[in-house]
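K.L.:
The lines below spell out each chain.
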Amino acid sequence: MLRFEKRPQPSQVWTYLTPLLAVVITMIAGAALFAALGKDPVAAITTIFWEPLFGEFAFYYRPQLLIKGAPLVLIAIGLSLGFRAGIWNIGAEGQYIIGALTGAGVGLAFYPMESWVIFPLMVLAGALGGWIWAMIPAILKLRFGTNEILVSLMLVYVAEKLLAAMALGLMKNPEGMGFPGSRNLRQYESAHNAELITGSGMHWGVVAAMIAVIFAYILLNRHILGYHIRLTGQAPRAARFAGVNPARLVLFCLGTSGALAGLAGMFEVAGPAGQVSIDFNVGYGFTAIIVAFLGRLHPVGILLAGLLMALTYIGGELAQSNLGLPAAAIQLFQGMLLFFLLAVDVLTNYRIRLSRSEGVA
Amino acid sequence: MNLTKLLATAAVALGLATTAMAQDKTKVGFIYVGPIGDGGWTYEHNKGRLAVEAHFGDKVETVYQESVPEGADAERAITQMALQGADLIFTTSFGYMEPTLAVAGKFPNVKFEHATGFKTAPNLATYSARFYEGRAVQGHIAGKMTKSNIVGYIASFPIPEVIRGINSAYIHAKKVNPDVEFKIIWAYTWFDPAKEADAATALIEQGADVILQHTDSTAPQAAAEKADNVITFGQASDMGEYAPMPRVSSIIDNWAPYYIARTQAVMDDTWESVQTWDGIGAGMVGIGEISSAVPEAIKAEALALKAALADGSDHPFTGPLKKQDGSDWLGDGETADDGTLLGMNFYVEGITGDIPN
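Each protein sequence line maps, in turn, to chains P and R.
Numbering-wise, the first sequence is residues -19 to 341 according to the working numbering.
Numbering-wise, the second sequence is residues 24 to 380 according to the working numbering.
Honestly, the hints are just simulated from the structure, not real lab data.
Source: prediction; values computed, not measured.
The reader is advised that the hints may include incorrect statements.
[What the hints assert, rightly or not] If you want the ones that stay clear, here's a sample from chain R, every Cβ over 10 Å from chain P, calculated:
#, residue
1, Ser90
2, Gly94
3, Arg99
4, Ala100
5, Gln103
6, Gly118
7, Glu121
8, Ala220
9, Gln287
10, Met290
11, Ala327
12, Ala333
13, His338
14, Gly366
15, Gly376
[What the hints assert, rightly or not] With a straight-line Cα cutoff of 30 Å, these simulated DSS-like cross-link-like pairs (lysine-lysine) come out:
#, chain 1, residue 1, chain 2, residue 2
16, R, Lys206, P, Lys152
17, R, Lys218, P, Lys152
18, R, Lys218, P, Lys141
19, R, Lys70, R, Lys218
20, P, Lys19, R, Lys322
21, R, Lys167, R, Lys206
22, R, Lys198, R, Lys70
23, R, Lys346, P, Lys141
24, P, Lys152, R, Lys142
25, R, Lys322, R, Lys249
26, P, Lys152, R, Lys129
27, R, Lys249, R, Lys206
28, P, Lys152, R, Lys70
29, P, Lys141, R, Lys206
30, R, Lys167, R, Lys198
Where is the CB? At the ideal position from N, CA and C, for every residue including glycine.
With the sequences and hints as input, model every part of the structure.
P.N.:
What follows is the structure in structure tokens.
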């Protein structure tokens, strides 16, 4: 018989090992799933994990990893700050949408004027938009004690309605023959979030994501505010005795994650997506929650987790069109990753023992 | 423009490689917005793909990717198909217009076909169906069949395509039943069974005994079945599993002949960038069997209307017609031109409510 024994302290080793273990178990369970669907499991797993990196067309897919990973990392970094302090912003998808709308709105307002100031203004507007959207749950929480999980989540749906209204109304391309969707910002030089080096996939969003990783690392390890965040998450009572102001922390964590999500939306709408359309958001704000936890809420971990997630997306698409795997199987595969991560997390806090007290963990 | 060059070279290299191999196989790719099992829009496109396979057998290889989000992800999915050597790629949703255009620019040797859009290029054609012809038949049946004189309409997005359908159905319902009234709910989705079911239930509660839908799932059919004595029409696909009640007829998208013809054109090297907009006459729009729940007389009238639309002796938008604001649109006997239809952003006289903005 197996028995769980609580560790006196979470295992340092397992904290780092569990994400890797989860990936391996996901690969095995995924292979079994693909085999059950009648596909060659080895081919499926190599298509997902190997092809995009080292396959025939890797020159195209490697930059795509950055394009797909950047918004995930940018949003997840913001979320991780709050998650560490026990402040749960679940509505990053909404803040992402609003950031895209405010950013694109500024750009479209200037059309067709060309000037170097337009893009920086759009960046500011994007961050501000996301920040304001995140301030709604923050202020409601502080004034009326509402639950930020519910409020931020509900605001995603409000944001989606706003997005549809903008794509069909105010921001609709006047030359679009009545069809929904804004002008294509990629065809408007001053507003285009173009690749910095052609063919590299590096756009300003990727740069912003890297800067965010570095700043978050410094903040958490070297700054008193980062210390307060960690302390509040680990021991809220002790934090209060240590003079942490919880209200300020709520404002900071929700505000920062909102601003970063808004930035991600702005960089996406001005670059890879190109236009405000009804279906602009594809779930980065929700996937980023998985990325944050997969990365152990640690900035470097999040960077790696974001790239891994991007890899499963791109490899998953390849597996779909090359091997005819259904889209649902790929989504299931991605879902397994979080599921197994949470499952093997038990090993961080518990030791597995046989009843005859033979250690196996 | 390094990447463009690189991709173009890859495309050329592939183009050469595939023409070398293409003696035996033409590769045709499909990008779908929904799952192939949606029972509506994507389901019918996939049936078209299977028809291409059945028709050409070993001479063709088809690939597809389902549930591709419209936007940046679509661009990657389309690029990937082009990189993998597709000769012809069909992108089957309006939201793929910009991504398809972008990829078409990078792969001049690959042919692209975009459904329901309006932007073209030398290697990018567009195609769509005149669904509003089918709506006219539905409107006729709806006007005759309703007892409460309230027809419910589940609309998806306020775009010309959808507005055209509402107008066409309304004109023909009104023609046979001057007291008819349309209640329209905007679902803001193409496929969301839960939302569609809610919309259908709300319309039925407001007294509607006919439900028309411009969304792709069968959820409204199920809701109508539960309510009893409410009739519906299949959308995009026949949805025959709900016949004879509540589903009394349907509009069926039939893409197979077009897909086969275009694949043939690529094989024969006669492919050209065209803008196709076909209706009942060409067989792109099918009217599903009118069920036994509809009295024989009404069925005969509906079939006569269908025949007249098919041979061009009737047009769904024939004057005299006024716009909702009372201004004149079409004079006596005048028919609407394609330009106006393609950009339609107004209701005809008699429809209440505003088009949301």
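K.L.:
Next pair to validate is lysine 206 of chain R with lysine 152 of chain P; report whether the Cα-Cα distance is within 30 Å.
P.N.:
holds (26 Å)
K.L.:
Using Cβ atoms and 10 Å as the threshold, tell me whether alanine 333 of chain R really stays out of contact range of chain P.
P.N.:
holds (27 Å)
K.L.:
Check whether the Cα positions of lysine 19 of chain P and lysine 322 of chain R lie no farther apart than 30 Å.
P.N.:
The given pair, whose Cα atoms are some 48 Å apart, is violated under the 30 Å limit.
K.L.:
Taking the shortest Cβ-to-Cβ distance between alanine 100 of chain R and chain P, state whether it exceeds 10 Å.
P.N.:
The claim is violated: alanine 100 of chain R sits with its nearest Cβ about 6 Å from chain P, within 10 Å.
K.L.:
Compare the distance between the alpha carbons of lysine 152 of chain P and lysine 70 of chain R with 30 Å, and conclude whether the hinted pair is satisfied.
P.N.:
violated (34 Å)
K.L.:
Is the Cα-Cα distance between lysine 152 of chain P and lysine 142 of chain R 30 Å or less?
P.N.:
Holds, at about 16 Å.
K.L.:
Take the C-alpha atoms of lysine 218 of chain R and lysine 141 of chain P, compute the straight-line distance between them, and say whether it is at most 30 Å.
P.N.:
Holds, at roughly 14 Å.
K.L.:
Going straight from one Cα to the other, do lysine 322 of chain R and lysine 249 of chain R come out at no more than 30 Å?
P.N.:
OK: lysine 322 of chain R and lysine 249 of chain R at ~24 Å, within 30 Å.
K.L.:
Evaluate the condition: distance from the CB of methionine 290 of chain R to the nearest CB of chain P exceeds 10 Å.
P.N.:
For methionine 290 of chain R, whose nearest Cβ neighbour in chain P is about 21 Å away, the distance exceeds 10 Å, so it holds.
K.L.:
If you draw a straight line from the CA of lysine 70 of chain R to the CA of lysine 218 of chain R, is it 30 Å or shorter?
P.N.:
Measuring from Cα to Cα gives roughly 26 Å; hence the hint holds.
K.L.:
Any Cβ of chain P at or closer than 10 Å to alanine 327 of chain R, or is the non-interface label fine?
P.N.:
holds (33 Å)
K.L.:
Would the least Cβ to Cβ distance between histidine 338 of chain R and chain P come out above 10 Å?
P.N.:
Given a closest Cβ separation of 21 Å, the condition holds.
Hint check: violations occur at hints 1, 2, 3, 4, 5, 6, 7, 14, 20, 22, 28; the rest are consistent with the structure.
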